[in-house]
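Protein chains: 2
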Amino acid sequence: MRLSLLLAVLLLPCGLPAAPVPGQEAMLQRIFDAALTEGRAYENLAALVTLHPGRLAGSKALEDAVVWSETTLTALGLDRVHKQEVMVPHWERGAPESVRLLAENSGESALELAALALGGSIATPEDGLAAPVIEVRSIDELNALGREGVAGRIVFFNGPMNPAAANPWDAYRGAVAQRSRGPRAAAQLGAVAALVRSMTHALDDVPHAGNTAYVPDGGNIPAAAISTLAADRLSAALAVNPVRRISMRIHSRWLPDALSHNVIGEIRGSELPDEIILVGGHLDSWDISPGAHDDGAGVAQSIEVLRIFRALGYQPRRTLRCVLFTNEENGLRGALAYADQARRSGEKHVFAVETDSGGFAPRGFSLGSTQGPVHERAQRWLPLFAPYGIYTFERGSGGADVGPLMVLGATVGNLLPDTQRYFDYHHTAIDTLDKVHPRELHLGAAALAALIWLVDQEGL
Amino acid sequence: MRLSLLLAVLLLPCGLPAAPVPGQEAMLQRIFDAALTEGRAYENLAALVTLHPGRLAGSKALEDAVVWSETTLTALGLDRVHKQEVMVPHWERGAPESVRLLAENSGESALELAALALGGSIATPEDGLAAPVIEVRSIDELNALGREGVAGRIVFFNGPMNPAAANPWDAYRGAVAQRSRGPRAAAQLGAVAALVRSMTHALDDVPHAGNTAYVPDGGNIPAAAISTLAADRLSAALAVNPVRRISMRIHSRWLPDALSHNVIGEIRGSELPDEIILVGGHLDSWDISPGAHDDGAGVAQSIEVLRIFRALGYQPRRTLRCVLFTNEENGLRGALAYADQARRSGEKHVFAVETDSGGFAPRGFSLGSTQGPVHERAQRWLPLFAPYGIYTFERGSGGADVGPLMVLGATVGNLLPDTQRYFDYHHTAIDTLDKVHPRELHLGAAALAALIWLVDQEGL
Numbered sequence: 016m017r018l019s020l021l022l023a024v025l026l027l028p029c030g031l032p033a034a035p036v037p038g039q040e041a042m043l044q045r046i047f048d049a050a051l052t053e054g055r056a057y058e059n060l061a062a063l064v065t066l067h068p069g070r071l072a073g074s075k076a077l078e079d080a081v082v083w084s085e086t087t088l089t090a091l092g093l094d095r096v097h098k099q100e101v102m103v104p105h106w107e108r109g110a111p112e113s114v115r116l117l118a119e120n121s122g123e124s125a126l127e128l129a130a131l132a133l134g135g136s137i138a139t140p141e142d143g144l145a146a147p148v149i150e151v152r153s154i155d156e157l158n159a160l161g162r163e164g165v166a167g168r169i170v171f172f173n174g175p176m177n178p179a180a181a182n183p184w185d186a187y188r189g190a191v192a193q194r195s196r197g198p199r200a201a202a203q204l205g206a207v208a209a210l211v212r213s214m215t216h217a218l219d220d221v222p223h224a225g226n227t228a229y230v231p232d233g234g235n236i237p238a239a240a241i242s243t244l245a246a247d248r249l250s251a252a253l254a255v256n257p258v259r260r261i262s263m264r265i266h267s268r269w270l271p272d273a274l275s276h277n278v279i280g281e282i283r284g285s286e287l288p289d290e291i292i293l294v295g296g297h298l299d300s301w302d303i304s305p306g307a308h309d310d311g312a313g314v315a316q317s318i319e320v321l322r323i324f325r326a327l328g329y330q331p332r333r334t335l336r337c338v339l340f341t342n343e344e345n346g347l348r349g350a351l352a353y354a355d356q357a358r359r360s361g362e363k364h365v366f367a368v369e370t371d372s373g374g375f376a377p378r379g380f381s382l383g384s385t386q387g388p389v390h391e392r393a394q395r396w397l398p399l400f401a402p403y404g405i406y407t408f409e410r411g412s413g414g415a416d417v418g419p420l421m422v423l424g425a426t427v428g429n430l431l432p433d434t435q436r437y438f439d440y441h442h443t444a445i446d447t448l449d450k451v452h453p454r455e456l457h458l459g460a461a462a463l464a465a466l467i468w469l470v471d472q473e474g475l
Numbered sequence: 016m017r018l019s020l021l022l023a024v025l026l027l028p029c030g031l032p033a034a035p036v037p038g039q040e041a042m043l044q045r046i047f048d049a050a051l052t053e054g055r056a057y058e059n060l061a062a063l064v065t066l067h068p069g070r071l072a073g074s075k076a077l078e079d080a081v082v083w084s085e086t087t088l089t090a091l092g093l094d095r096v097h098k099q100e101v102m103v104p105h106w107e108r109g110a111p112e113s114v115r116l117l118a119e120n121s122g123e124s125a126l127e128l129a130a131l132a133l134g135g136s137i138a139t140p141e142d143g144l145a146a147p148v149i150e151v152r153s154i155d156e157l158n159a160l161g162r163e164g165v166a167g168r169i170v171f172f173n174g175p176m177n178p179a180a181a182n183p184w185d186a187y188r189g190a191v192a193q194r195s196r197g198p199r200a201a202a203q204l205g206a207v208a209a210l211v212r213s214m215t216h217a218l219d220d221v222p223h224a225g226n227t228a229y230v231p232d233g234g235n236i237p238a239a240a241i242s243t244l245a246a247d248r249l250s251a252a253l254a255v256n257p258v259r260r261i262s263m264r265i266h267s268r269w270l271p272d273a274l275s276h277n278v279i280g281e282i283r284g285s286e287l288p289d290e291i292i293l294v295g296g297h298l299d300s301w302d303i304s305p306g307a308h309d310d311g312a313g314v315a316q317s318i319e320v321l322r323i324f325r326a327l328g329y330q331p332r333r334t335l336r337c338v339l340f341t342n343e344e345n346g347l348r349g350a351l352a353y354a355d356q357a358r359r360s361g362e363k364h365v366f367a368v369e370t371d372s373g374g375f376a377p378r379g380f381s382l383g384s385t386q387g388p389v390h391e392r393a394q395r396w397l398p399l400f401a402p403y404g405i406y407t408f409e410r411g412s413g414g415a416d417v418g419p420l421m422v423l424g425a426t427v428g429n430l431l432p433d434t435q436r437y438f439d440y441h442h443t444a445i446d447t448l449d450k451v452h453p454r455e456l457h458l459g460a461a462a463l464a465a466l467i468w469l470v471d472q473e474g475l
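Chains as they are written, first to last, in the numbering used here: chain A, 16 to 475; chain B, 16 to 475.
In case anyone wonders, no lab produced these hints; they're calculated from the structure.
Note that the coordinates shown come from a computational prediction; the quantities given were computed from them, not determined experimentally.
Wrong hints could be hidden among the right ones.
Copies of the same chain are indistinguishable here, so a pair counts whether it falls within one copy or spans any two.
As the list claims (entries may be wrong) - Derived SDA-like pairs: lysine to any residue, alpha-carbon spacing no greater than 20 Å straight-line:
no.	residue 1	residue 2
1	Lys-363	Leu-351
2	Lys-75	Pro-37
3	Lys-363	Tyr-187
4	Lys-450	Asp-220
5	Lys-98	Glu-78
6	Lys-98	Asp-355
7	Lys-75	Asp-289
8	Lys-450	Val-422
9	Lys-450	Val-221
10	Lys-363	Ile-303
11	Lys-75	Ala-200
12	Lys-98	Ala-41
13	Lys-75	Gly-167
14	Lys-450	Glu-40
15	Lys-98	Pro-231
16	Lys-363	Gly-418
17	Lys-98	Gln-330
18	Lys-75	Leu-327
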């Protein structure tokens, strides 16, 4: 056997062909055509966010969305559609919160601050609390104040997302600890409550929800996000008089864990049915949000991937599975339960790709694996994607929902759409259908289907 | 002299360094920071479209925008700001048009169709005209009908923009002849008027304006665009009964050419002042449109490029010129007058880049030159742009305004922003400020400034 032939045979199982396989361009064209000319993702998204807004873990809206998802997947005529039971945390906002800067000296005005209790926050006393407010720009600044500067106060975290970061995700990652860990850190220094500047570059009066750490053993304080305009107004008032008090009312409560579900649809593979390729998004959203970009878009795109393959009559070699995860926003129990089930049953996931960054025009994918730099091997496919404005495979480690599958051996991936508008809407009441562009949404679904088809054909 | 040194010296004038010049990454970072943290393009755009909407050639709004531009450029403290006089065509819409499908048989309903007279259209008789309508999908289909099938009728061009085209510009170029040449072709076969399906993928009730060929010698017919929903409704009605009549009223008129202006601001080069680098957009818009994306965005970005250099204290080697062209939409007289002046005075434009594809997130540039494949030479700069989501230099031939400079020896270029949303708003009353995202607009301005800085440093 000649060396080259030997190499060719050895490489075959790895799915590393030397040159583009004929027909790949044509298949991608068929996939994108199917999405752009007869796509159903936008109409599915419209149904989901219109009929079932506010899909927070424990809510009726989420379980109604579970039923809707099962019905929608079943209508595709898949080989199997089922639900996986998951117990999820159950936090409720209760009556609307209020946060008010008090006027105590002549010449001062009281100021109502647009606010949302953070997910996980405990309630204030029924008739509210009032305390002096102290402004910081980071947890480090908080800690520098020490117990003496913090105890008995309301800590106002006002570090903005860095406007110079070209990619808003970098700015988000740089600021979000104020929301996720800040209230807890303030509590440990004796603060009585916390306010957090909303995580967005937008300057408006829309507060952004989001989770904050909650410790069942106690020592938690009430915490709320305020809009960026409210944060600027509060900061300006404190610049004039640093000794101001704020009154807050939050009516949230923790309830016992509730029953929820991951929803799973699959097309069984014809040659390698035990090798699973997964595409998914998360069904839940914040209670105050329709969750169109976060993550109705990902749900609709994940369903659309299977619809496209059905419409094209494509019989996959491997098993293709659409997983709609529950409880991404405030617990990740859906993702953990799914990975746990996969581990216990010994299921082999070769590839798991997530779409949870909004339904904007796709630009690429991140890919990660414990087996090596898969994003480099994927570069060979870039010429196939170029006609669709998709130009990058970057190193990554999956998103929150597929990440746990990486340690089980799966290559994990993330769809990377355009980023500039996402944090205008993230976790808000204005994350509505009209913010999603049908063609952008459908291009993203086609990009996912195209990558999955290539992985099914060639491996990664 | 050693060969390598000789080569280095020989290559210097061509500006083709072998390796990235130190400090380039840092300078691009400074440019993008200046745009993202203290950018003024969005606030300038807000002023332009709020104070001066409907900037059609011949209008007071356009000349008011000329004054605004001169004032805004002057406030930057440039070396020179001046206006170039240009005589422009003067077409006016007059009172709102109406297009109505008539009900003549029992069971039929009359149907008002959302319409806009096309730029250049002649008026109908004062009390309107009514005639049978015939639907075609292209000029070829029209011609196949011949005079017998067309004479005495209103031709309805209903060929949609191809939804399968991933880039909507390709779909636009494939359909727009129906608008630009269709009415004239119909007139030549004896049609009495023409209707054209709006040039957009969006399905809504917003008609899109745009120019149609007008021949001063006569033989023109009234022509209007109708919304895509109106086109679908009309087509459905004709499928039921192909013998329907339409009544139309258009009150437009042609007036003598009017005085308008290109507005030009420049920073004089310190080393090569006779070599000009130009960045520009067009000041005019359709009469019914605020013209936010088309092309208020380009105007604001072009001004912003000079503002960024001023803010950074950058003294360019070559002369940097911002040109705000008049009359792009229905005559191109601004571009032609500018190129003519450049030719007559022997000015040397080394690079002229245009921004007229909307203020969306930038993805790259097209570049063209009579001297060879400049876009290939520019590839060396891609690593510098990658952190900002800018990934492509494509072959092009400039846009409508800078294109005429190519034959004078200039390399011409176009900013390429994201494309999916542009034709939702193009030439419409909904091309409003809220459709433009401040960070996307500012990233585009920074991309232009970065490319211009590289050209100023290295040549192309």
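Results for each hint:
In the homo-oligomer, the alpha carbons of Lys-363 and Leu-351 lie at most 20 Å apart inside one protomer (16 Å), although the nearest pairing across protomers, at 65 Å, exceeds that limit. Neither within a single protomer nor between protomers do Lys-75 and Pro-37 lie at most 20 Å apart by alpha-carbon distance, with minima of 49 Å and 59 Å respectively. Proximity of Lys-363 and Tyr-187 under a CA criterion of 20 Å is satisfied in neither setting, with 34 Å inside one chain copy and 46 Å between copies. Taking identical chains as interchangeable, the C-alpha atoms of Lys-450 and Asp-220 lie at most 20 Å apart whether they share a chain (17 Å) or sit on different chains (18 Å).
For the identical chains of this complex, Lys-98 and Glu-78 are intra-copy neighbours only, at 11 Å inside a copy versus 65 Å across copies, given an alpha-carbon limit of 20 Å. For a Cα distance limit of 20 Å, the shortest separation of Lys-98 from Asp-355 inside one copy, 15 Å, qualifies, whereas the shortest one across copies, 70 Å, does not. For the identical chains of this complex, Lys-75 and Asp-289 are neighbours neither inside a copy (35 Å) nor across copies (71 Å), given an alpha-carbon limit of 20 Å. For a Cα distance limit of 20 Å, the shortest separation of Lys-450 from Val-422 qualifies neither inside one copy, at 36 Å, nor across copies, at 43 Å.
Taking CA atoms no more than 20 Å apart as the test, Lys-450 paired with Val-221 passes in both settings, with 15 Å inside one copy and 18 Å between copies. In this assembly of identical chains, the alpha carbons of Lys-363 and Ile-303 never lie at most 20 Å apart, being 37 Å within a copy and 59 Å across copies at closest. Taking CA atoms no more than 20 Å apart as the test, Lys-75 paired with Ala-200 passes in neither setting, with 33 Å inside one copy and 60 Å between copies. When the C-alpha separation of Lys-98 and Ala-41 is checked against a cutoff of 20 Å, the pair qualifies neither within a copy, at 35 Å, nor between copies, at 52 Å.
In this assembly of identical chains, Lys-75 and Gly-167 lie within 20 Å of each other by CA distance neither inside one copy nor across copies; the values are 38 Å within and 62 Å between. Taking the closest pair of Cα atoms, Lys-450 and Glu-40 never come within 20 Å of each other, the shortest separation being 31 Å inside a single copy and 34 Å across copies. For the identical chains of this complex, Lys-98 and Pro-231 are neighbours neither inside a copy (29 Å) nor across copies (70 Å), given an alpha-carbon limit of 20 Å. Within a single copy, Lys-363 and Gly-418 get their C-alpha atoms as close as 15 Å, which meets the 20 Å cut-off; across copies the closest is 56 Å, which misses it.
Proximity of Lys-98 to Gln-330 under the C-alpha cut-off of 20 Å is found in neither arrangement, the shortest distances being 23 Å within a copy and 65 Å between copies. Taking identical chains as interchangeable, the C-alpha atoms of Lys-75 and Leu-327 are never at most 20 Å apart, the minima being 36 Å within one chain and 55 Å between chains.
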